[in-house]
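**Q** My numbering puts the last residue of the sequence shown at 1100; the count rises by one with no breaks.
Just to be clear, a hint being listed does not mean it is correct.
Estimated spans, in silico, between C-beta atoms of each pair [unchecked claim]:
| hint | residue 1 | residue 2 | range |
| --- | --- | --- | --- |
| 1 | S972 | Q1006 | 18 to 26 Å |
| 2 | A914 | S1026 | 30 to 38 Å |
| 3 | D899 | D1078 | 45 to 53 Å |
| 4 | D899 | G1074 | 43 to 51 Å |
| 5 | D899 | T1083 | 38 to 46 Å |
| 6 | L921 | D1078 | 26 to 34 Å |
| 7 | G881 | K918 | 30 to 38 Å |
| 8 | G1003 | R1075 | 14 to 22 Å |
For the record, the hints were derived by calculation from the structure and aren't laboratory data.
The structure presented is a predicted model; accordingly, all values stated were derived computationally and were not measured.
Cβ coordinates follow ideal geometry from the N, Cα and C atoms, glycine included.
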Amino acid sequence: MTHKIDIIGGKDYIAKQIVKHLQLLYDISPLDKQTITSLLPAILEKTQLCWQGINNKYYHQNGRPLLDINHSNQYCQFLLILTRHVSAEGHKCLANKLFSLNKMLNSCDIYHEIELPECFYIDHSLGIVLGRAQYGERLFLSQNCTIGSNPGSSDYPVLGKDNFLMSNVTLIGKIKTEDRVIFASGSYVKDRDIPSDSIVFGRSPDNIIKTLPPEKFKKASPFNHDFL
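Please model the entire structure based on the sequences and the hints provided.
**A** So, in structure tokens, the structure goes:
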């Protein structure tokens, strides 16, 4: 069932805080303010869809999705959703400002032209750098994750659904992963395919890939699979 998202402080508070934070870095025009206000309802709908799939007590209250931008992880994710939508609507200058704001606040480097899945979850944002890969639904990211290409190459990873990157994971180059894959902390993968229902350890080219039974995967998942 779809529930309307609850918002700590309300929509006006969120719009006011975004503008206030942007003004720490840039001059913000009346058009910038109007754009944020006018696009906010659509952005909140996207946020609701994302939050509904996340199984974390801070993202829900009384059985309903809860947005609290005073919670830094939530604000980081919300800014990513906001920035991507602003960019897709053609407001590139404002999107650049929002991208820089998220980098400053959360040390998260995900450019606004990168298409994240409808449902994703960032556990700790510090040091995350994502390139122009393809990302499947229910992407989990933790601190110091890097996804990108080899120098001079346009080959980026293609990730399936339910790919979980623990801390300090690096995925580089021509990689294709299937569904339900966990990359263990510190793993480094380059130019190889990963099958479904796997947990990946170690550093390329000597990665160790073990089978992960679906029931164990579901137990480890930070997502609400009953909803999904």
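**Q** Tell me the hint numbers this structure goes against, listed in increasing order.
**A** 5, 6, 7
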